[in-house]
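Q: Sequence:
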Amino acid sequence: MAKINSRSLFWWVAGVVVVLDFITKQLAVAQLSSGSPVYLVGHWLSLRLVHNPGAAFGINVGPHSRWVFMILAIIALVVLGVMVRQTLPAQRFRLVTLGMVCGGAVGNLIDRIRSSDGVVDFIDVWIGTFHWPTFNVADMAVSCGAIALASVLWSEGRRDKATAGEPANPAEAST
1057 MAKINSRSLF WWVAGVVVVL DFITKQLAVA QLSSGSPVYL VGHWLSLRLV
1107 HNPGAAFGIN VGPHSRWVFM ILAIIALVVL GVMVRQTLPA QRFRLVTLGM
1157 VCGGAVGNLI DRIRSSDGVV DFIDVWIGTF HWPTFNVADM AVSCGAIALA
1207 SVLWSEGRRD KATAGEPANP AEAST
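Per this note's numbering: the sequence shown ends with 1231, consecutive numbering throughout.
Hints in this document: simulated from the structure, not taken from any laboratory. Yeah, the Cβ is synthetic: ideal placement off N, Cα and C, and Gly gets one too. Fair warning: there could be bad hints in the mix.
Derived Cβ-Cβ restraints for the label pairs, each shown as a range [claimed, not checked]:
#	residue 1	residue 2	range
1	A1218	R1104	44 to 50 Å
2	V1075	G1137	24 to 30 Å
3	A1220	L1083	38 to 44 Å
4	W1210	A1132	18 to 24 Å
5	I1130	Q1082	21 to 27 Å
With the hints as constraints, model all of the structure from the sequences given.
A: Written out as structure tokens, the structure is:
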């Protein structure tokens, strides 16, 4: 198996997320348009087609939500692009997390560009009476990638402080 160049790793991860997101959304639209959910694990996990004109968790800013969130996604992609350029090739996990977030952002941006109906969501989770907002592959990539990226940035910050001789924990400074 060929070894993937560190910078290419970002593009591979982002590309895989976009392709998986696109394919699963196409399947969801084709198979779930009847409106009837497909139950996978009792009533806990099902597939149900929903078009979300807003953002995560149904955040909506009115009739211009599509355009507002399209612009915000483009700004986020520019910021993430700068982060990718600043990431060293040896920081492979950081490149993977950035690829996940970028791929997910592009996946949902494609939906916003293609349709005024909004982003296609189809994974539905219930835990007892608690209902998690319906989501898609792009949302999973953005969420997991963002959490992992935050962890990477936090640990890098702690490491940088330790190398600079500063206490990694502010509580240690007072002792």
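Q: Among the hints numbered above, which are violated by the structure, and what are their numbers in rising order?
A: Hint check: 2, 3 fail, others pass.
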